[in-house]
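Chemist: Chains A, B and C supply the protein sequences, listed in that same order. FYI, the numbering used here numbers position 267 of the first sequence as 248, with every residue one higher than the one before it. Quick note, the numbering used here runs 969 ahead of the 1-based positions in the second sequence. Quick note, the numbering used here runs 60 ahead of the 1-based positions in the third sequence.
Don't read these hints as lab results, they were simulated from the structure. Each hint should be verified, as a subset may be incorrect.
[What the hints assert, rightly or not] Distance windows between CB atoms, simulated:
#1 A:Asp111 - B:Val1122: 40 to 46 Å
#2 B:Val1122 - A:His226: 29 to 35 Å
#3 A:Arg222 - B:His1074: 56 to 62 Å
#4 B:Asp1061 - A:Asp218: 42 to 48 Å
#5 A:Val258 - B:Val1122: 33 to 39 Å
#6 A:Ala239 - B:Trp1223: 47 to 53 Å
[Claimed, not checked] Just a few of them, taken from the derived set where beta-carbon distance is under 7 Å, the chain B residues facing chain A:
#7 Gly994
#8 Leu995
#9 Arg1006
#10 Phe1007
#11 Asn1013
#12 Val1014
#13 Gly1034
#14 Leu1050
#15 Tyr1093
#16 Ala1095
#17 Ala1096
#18 Leu1123
Each residue gets a CB set at the ideal place from its N, CA and C atoms; glycine is no exception.
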Amino acid sequence: MTTIAPPAAAVGIGLKTQHVQEVIDLEPTLDFFEVHAENYMGGGGPMLRQLARIRERFPLSIHGVGLSIGGAAPLDQGHLDRLATLLQRFEPRWFSEHLAWSSHGGAFYNDLMPLPYNAQTLVRVCDHIDQVQAALRRPLLLENPSTYVEFVASTMDEGNFLAEVAQRTGCGLLLDLNNAYISAVNHGRDPWDLIAALPAAAVGEFHLAGFAEDCDGAGDRLLIDTHGAPVAVAVWDLYRRTLRHLGPRPTLIERDQAIPPLAILVAEAECARSALVDAAAWLEAA
Amino acid sequence: MMTHDPVQAGFADALLAPEHPLPPGLVTWNGSDPSVRFDVYRNNVVVSLTAALADGFPVTRALVGEPFFAAMARCFVAEHLPNSPILTDYGDALPDFIAAFPPAHGLPYLPDLARLERARVRAYHAADARALTAEDLVPHLADPPRLPATRLVLHPSSTLLVSEHAIVSLWAAHQGQGRIEDVDLRRAESALVLRDGDEVQVLPLAPAIARFLAALAAGTPLGEAAEIAAATAPDFDLVQALALLIHHGGIAAWKPSGELAA
Amino acid sequence: MTQSRAIQTTTAAALALALGTALTLGNTAVAGEGAAKEKCFGIALKGKNDCAAGPGTSCAGSSKVDYQGNAWKYVPAGTCEKTASPTSPTGQGQLAAFKAM
Chain A
-18 MTTIAPPAAA VGIGLKTQHV QEVIDLEPTL DFFEVHAENY MGGGGPMLRQ
32 LARIRERFPL SIHGVGLSIG GAAPLDQGHL DRLATLLQRF EPRWFSEHLA
82 WSSHGGAFYN DLMPLPYNAQ TLVRVCDHID QVQAALRRPL LLENPSTYVE
132 FVASTMDEGN FLAEVAQRTG CGLLLDLNNA YISAVNHGRD PWDLIAALPA
182 AAVGEFHLAG FAEDCDGAGD RLLIDTHGAP VAVAVWDLYR RTLRHLGPRP
232 TLIERDQAIP PLAILVAEAE CARSALVDAA AWLEAA
Chain B
970 MMTHDPVQAG FADALLAPEH PLPPGLVTWN GSDPSVRFDV YRNNVVVSLT
1020 AALADGFPVT RALVGEPFFA AMARCFVAEH LPNSPILTDY GDALPDFIAA
1070 FPPAHGLPYL PDLARLERAR VRAYHAADAR ALTAEDLVPH LADPPRLPAT
1120 RLVLHPSSTL LVSEHAIVSL WAAHQGQGRI EDVDLRRAES ALVLRDGDEV
1170 QVLPLAPAIA RFLAALAAGT PLGEAAEIAA ATAPDFDLVQ ALALLIHHGG
1220 IAAWKPSGEL AA
Chain C
61 MTQSRAIQTT TAAALALALG TALTLGNTAV AGEGAAKEKC FGIALKGKND
111 CAAGPGTSCA GSSKVDYQGN AWKYVPAGTC EKTASPTSPT GQGQLAAFKA
161 M
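This is chain A alone, in the form it adopts within the complex (with noise of 0.2 Å):
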């Protein structure tokens, strides 16, 4: 299969499995598609049929949420294995992760859990990434997570860890937008600390959602990260900042709850697209 550099303003959405047919039936306008790894692990049936059809027609990322690359644990091979014959299968033209722990003990929590960022966290992720990226034979692209403590054994920020863990490994970062900005809010921070400490050449994808919003003990905004609406205006923002300082990358609208009809995400897509367009002309006229 020869491979395509994707168009500057490639935009994307999570698949669903309840926009699967319309997607197949309409071709919607858009680039590429991202699916969870970990719902396409099943021995056969249906949905594996679907996916292939749809990969027949567009690009695919593989976006896995189940490999705890931040776990103390070593990886779960089979889980690799898994993967690996995931990607031979569809040869997506991206595949990420994130910087996180899901497993402990040989359970499986389900949901993303912080790591504190230190040097020896620094070469937990690193030699994990280094164990990924050997069995998929491709690089991945990592995610920032959205966090909601923060530890006393962190002595460095979250985007000089990034780029470490990047430049050490050659992993791509695959920057989410909504996760820097709860994890801003989250931590009293600014979430441009983040984006400006990323090296921009290794930033590969964007990935868009919305967040719910609640209050910690001290009464200050406490961001969830619920996938479960609309991106905030706030985030739209700091992406076209983000744009204008990186570049653009494709980009992802995610939503995992509260799902809308397709054409309401296409919609949002679209807008993604608006705002990549103007920010290639704009750092075409600078």
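Following the hints, position chains B and C against chain A.
Modeler: Frame of chain A, contents of chains B and C only:
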């Protein structure tokens, strides 16, 4: 590589037990109580896994109602975390958990109903295998002496359910087939759940046919399986049993024995 | 041995006859006849595949709050209340309040 991490161990320990202390070393930028923030993780784990169970057991949920199901699922999650990130594999242990869950003892059919729902999810995601068609099987008619010792491999998506309760009718009534009020719960029912093409089917079975399929699934040769079923019920209908398997794609392999019966 | 062989031979002929008949039955005959025999609920049900797909993983959190393990008291209160003989002496459908945790 360091595999023990006291922070992660403490984090994991506190996730499912709100009464346990928070992991050491959490900070917040504004000095607020970290437990409020930690509760977001506690919540994500319980809510997402409860939602996963709810997705896989819609009729079980309807039968007991949302509040009961959510509360029961929370108890289940605390005892049975997934052992893999593939959530479609989560829930195999729920039927046995329900059977041992005192609050659900008033609904003795519930564990088997949950087994039926679990079988449907497993069938949907089971490995693909080409099902033998009538055309594939016609040649075997030419060699009757080999038939009694022939073993069948059922389709990898198939699960045989044998219940003392009317779980098939009850499940069907929740799909708009018949009224819940009309289901005689004391009626023993059996079903074969399998994926036929892309569709998951719940095929009701007469007791003798269920006995026949159970024997086949256990590797019993065709002749012996038929005799076992006939001994169970004189009205065992072998034609019906074979036709059901053939027409719903239930046979993945037909293995004539090398030994001749006569 | 002779008797056993005779039984097996009969079975071979019976099996061939049954298989031959089964192979000639059409799909509708299978579904219809099965239904009549089962006196159950009619045709084999089509899978509702959105439901059959079961749970999926996601990388999102939740804003719904449900982690507290406080004492709770629930009785099954869904469609089970429509089922017949809720107060039968067998215990079928006897719903009692309970406490847990």
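Chemist: Taking the hints in turn, state whether each one holds.
Modeler: Structure-based check of all given hints:
Remark: the range hint 40 to 46 Å for Asp111 of chain A to Val1122 of chain B is upheld by a beta-carbon distance near 42 Å. At roughly 60 Å, the beta-carbon separation of Val1122 of chain B and His226 of chain A lies outside the given 29 to 35 Å, and the hint is violated. For the pair Arg222 of chain A and His1074 of chain B, the beta carbons lie near 60 Å from each other, so the given range of 56 to 62 Å is met. Between Asp1061 of chain B and Asp218 of chain A the CB atoms are about 46 Å apart, so this pair conforms to the stated range of 42 to 48 Å.
Distance hint check for Val258 of chain A and Val1122 of chain B: the Cβ-Cβ separation is about 56 Å, which falls outside the suggested range of 33 to 39 Å. A beta carbon spacing of about 49 Å between Ala239 of chain A and Trp1223 of chain B agrees with the range 47 to 53 Å that was offered as a hint. A hinted interface residue such as Gly994 of chain B counts as satisfied when its beta carbon comes closer than 7 Å to some beta carbon of chain A; here the least separation is about 4 Å, so the hint holds. Interface restraint check: Leu995 of chain B against chain A, minimum CB-CB distance 5 Å, threshold 7 Å, status holds.
Hint status for Arg1006 of chain B: holds, given a least beta-carbon distance of 4 Å to chain A, under 7 Å. For Phe1007 of chain B, the suggested interface contact is upheld, since its CB lies about 6 Å from the closest CB of chain A, less than 7 Å. A hinted interface residue such as Asn1013 of chain B counts as satisfied when its beta carbon comes closer than 7 Å to some beta carbon of chain A; here the least separation is about 4 Å, so the hint holds. About 5 Å separates the beta-carbon of Val1014 of chain B from the nearest beta-carbon of chain A, less than 7 Å, and the hint is met.
Below 7 Å, beta-carbon pairs count as interface contacts, and Gly1034 of chain B has none with chain A, the closest being about 22 Å; its hint is therefore violated. Proximity of Leu1050 of chain B to chain A holds as hinted, the smallest CB-CB distance being about 4 Å (cut-off 7 Å). At about 5 Å, the closest approach between the beta carbon of Tyr1093 of chain B and any beta carbon in chain A falls short of 7 Å, and the interface hint on this residue holds. The interface hint given for Ala1095 of chain B is met, as the beta carbon of that residue sits about 5 Å from the closest beta carbon of chain A, less than 7 Å.
Hint status for Ala1096 of chain B relative to chain A: holds, with the closest Cβ pair at about 3 Å, below 7 Å. Interface hint at Leu1123 of chain B: violated, since its Cβ lies 15 Å from the closest Cβ of chain A, which is beyond the 7 Å cut-off.
Comparing the model with each earlier hint shows violations of hints 2, 5, 13 and 18; every other hint is respected.
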